[in-house]
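Participant: Hints are included, so try docking the two chains, each in its own frame, into the full complex.
Protein chains in written order, with this note's numbering: chain A, 1 to 131; chain B, 1001 to 1147.
No wet-lab data here; the hints were simulated from the structure. All C-beta atoms in this analysis are idealised placements derived from N, C-alpha and C, irrespective of residue type, glycine included. Just to be clear, a hint being listed does not mean it is correct.
With a Cα cut of at most 30 angstroms, we get these calculated BS3-like pairs of lysine-lysine [as the list claims (entries may be wrong)]:
1) A/K107 <-> A/K117
2) B/K1068 <-> B/K1147
3) A/K125 <-> B/K1134
4) A/K107 <-> B/K1147
5) A/K117 <-> B/K1086
6) A/K117 <-> B/K1068
7) A/K125 <-> B/K1086
8) B/K1086 <-> B/K1068
9) B/K1092 <-> A/K117
Taking CB as the label site, the calculated pair distances span [what the hints assert, rightly or not]:
10) B/T1080 <-> A/S90: 24 to 30 angstroms
11) A/E96 <-> B/I1036: 48 to 54 angstroms
12) A/E120 <-> B/I1036: 58 to 64 angstroms
13) B/I1087 <-> A/N59: 44 to 50 angstroms
14) B/E1082 <-> A/E73: 29 to 35 angstroms
15) A/N103 <-> B/T1080: 35 to 41 angstroms
16) A/D98 <-> B/Q1098: 37 to 43 angstroms
17) A/L121 <-> B/N1071: 46 to 52 angstroms
18) A/E76 <-> B/N1071: 27 to 33 angstroms
19) B/G1103 <-> A/D57: 35 to 41 angstroms
Here is how the chains run, residue by residue.
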Amino acid sequence: MSESKEMKTREGSEMKAQSEQDVFLRPAVDIYEDGHEITLRADMPGVSRDRLQVQVDGNNLAIEGQAAIDMPEGMEALHADVRTTRFRRSFTLSNELDSGNINAEMKDGVLTLHLPKRAELQPRKIEVSVG
Amino acid sequence: MFGYLTGFDTDVFDQFDRMRRQMDRMFGEVSRPAGIRSLAAGTFPAVNVGVSEEQVDVYLFAAGIDPKTLNISLQQNLLTVEGERKIQYPEKVQFYRQERFSGQFRRVLTLPEDVDPDQVSAHYRDGVLQISVKRREAVRPRQIEVK
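Next comes chain B alone, as it looks inside the complex (with noise of 0.2 angstroms):
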């Protein structure tokens, strides 16, 4: 009776599901203080920073966007991204929703101070823009050595 479009790969959803679990303990406990500069919950694009000793990561889930349009830059721990999202409508349609959003965007986002500005990548991959940051050496607990 369901007509899947897409089958599973059994041992391939597994190890997604892992993934997403641990996506979802991680990103599912969150209960501090909002930051100044953040924004109404359901403003374009969603966004999830996660940090770790070495690194700092930023996704924002921005589907079908052009990476070109992006502009990404981060001065001291300040990251800003901008970016649009123009959709292209066809003429003499019914709409029954439009809920995507359209338009221009921006987002600045606080990180850890830490960060080295000279050390950033960013992917684009189905829709997520992940940009990470490492982490100045210094702040990074280290073992001492007793002589």
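Bound-form chain A, shown alone (with noise of 0.2 angstroms):
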């Protein structure tokens, strides 16, 4: 009984340590638009579907990701670029995109993101009348 007590508050201070550092990684992103959509596209390895987080919370576009690594007990780190397994970064949108219709992907790593331009703010092409 006072076991189980006790690793619940070594859990619990575990816990708390770690949201006290918010640490990040920023993903790499190649960002195009063409006259249908804008396509972003970052870089999150080790990232999968399911541990991927895509919010659009009004303007805010978020990404966060988190890897998971396969690992055994008992490594020791040699060498290490990569120190933390959390990925995030965020946009603001503008209104002439349509961010109901966002579509995402994912797969070996990248994820790429569809932002298609609403309808009716498609570029048209204006003709010039010479006259």
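Facilitator: Take a look at the structure:
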């Protein structure tokens, strides 16, 4: 009984220490636009589909992911370029984007977001009449 | 207000959270001098190396590559990983950001001297290449029996 209580306390203090250190990796992105949509690609190695979050809150787009790596017990780090396993980056959207129809794909650690423009706001060619 | 494209399963998440904490603890406290062949921070792909008594695990954070383009070789304890990530961009688009690495890469890593070049395995999953090399039996701590 007392043993399980002790375990719980330790778990609790560990959790607290974690939330205090909010360190995120900033994924490298490519962003480009054509007539119909903006495409965003982000490198998030180690993140699978079920550990990815894409959040749209008003005009704010946040991408967040948790990398999971299989690691045997009792490993020690010899070299580490990557020191945390959480990715996060956010962007401000503009009004002409249809934020309700954002499409997300995840493949081999690369997130692809398609942000379509609202149909009524897609560019139209303006004819110039000569005369 | 928040639109989640994917939901988290709590149990699974807890499990990964534990794994993450273990990983953070492990890779968060490195203060060794840089290796002579190590590259500047931010070079693609990022590399982590972990060692245990039995094996050496090398993780290359290389999202979006075709594993068939990888060339991995181990000469004694010198591990070389070569590959290419060629990003195809559509034509006639306007770029706002182009931060992702595109092209050939090569990383050379010095592993502990007791690795066994005959016992190497490599897996590519979710953009992470994991190379595991077993260490030779002789150097593992052994229990000596007193007769």
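Participant: The structure should be examined with respect to each hint, and the outcome stated for every one.
Facilitator: Going down the list of hints, with the structure as the test:
1. As the CA atoms of A/K107 and A/K117 are separated by approximately 24 angstroms, the hinted pair is consistent with the 30 angstroms bound.
2. For the hint pairing B/K1068 with B/K1147, the CA-to-CA distance comes to about 54 angstroms; that exceeds 30 angstroms, so the pair is violated.
3. Taking the CA atoms of A/K125 and B/K1134, the gap is about 64 angstroms. The hint is violated against a cut of 30 angstroms.
4. Restraint check: the Cα-Cα separation between A/K107 and B/K1147 comes to about 58 angstroms, which exceeds 30 angstroms; the hinted pair is violated.
5. A threshold of 30 angstroms between alpha carbons decides the hint, and for A/K117 with B/K1086 the separation of about 28 angstroms falls inside it, so the pair holds.
6. Under the criterion of a C-alpha separation no larger than 30 angstroms, the hint pairing A/K117 with B/K1068 is inconsistent with the structure, at around 37 angstroms.
7. Restraint check for A/K125 and B/K1086: the C-alpha separation of about 34 angstroms exceeds 30 angstroms, so the hint is violated.
8. Between the alpha carbons of B/K1086 and B/K1068 the distance comes to roughly 13 angstroms, so the proposed pair stays at or under 30 angstroms and holds.
9. Taking the CA atoms of B/K1092 and A/K117, the gap is near 17 angstroms; set against the 30 angstroms cutoff, the hint holds.
10. B/T1080 and A/S90 have their C-beta atoms about 37 angstroms apart, which leaves the hinted 24 to 30 angstroms range violated.
11. At about 52 angstroms, the beta-carbon gap between A/E96 and B/I1036 stays in the expected band of 48 to 54 angstroms.
12. As the Cβ distance of A/E120 to B/I1036 is approximately 60 angstroms, the hint placing it in 58 to 64 angstroms holds.
13. Checking the proposed 44 to 50 angstroms range against B/I1087 and A/N59 shows it is violated: the Cβ atoms sit about 28 angstroms from each other.
14. Evaluation of the 29 to 35 angstroms hint for B/E1082 and A/E73 yields a pass: the beta carbon distance comes to about 31 angstroms.
15. Take A/N103 and B/T1080: their Cβ atoms lie about 39 angstroms apart, and the range 35 to 41 angstroms holds.
16. Under the hint 37 to 43 angstroms, the C-beta atoms of A/D98 and B/Q1098, about 24 angstroms apart, miss the expected range.
17. At about 47 angstroms, the CB distance of A/L121 to B/N1071 agrees with the hint of 46 to 52 angstroms.
18. Checking the proposed 27 to 33 angstroms range against A/E76 and B/N1071 shows it holds: the Cβ atoms sit about 28 angstroms from each other.
19. At roughly 36 angstroms, the beta carbons of B/G1103 and A/D57 sit within the given window of 35 to 41 angstroms.
In summary, the structure is inconsistent with hints 2, 3, 4, 6, 7, 10, 13, 16 from the numbered list given earlier, while agreeing with the others.
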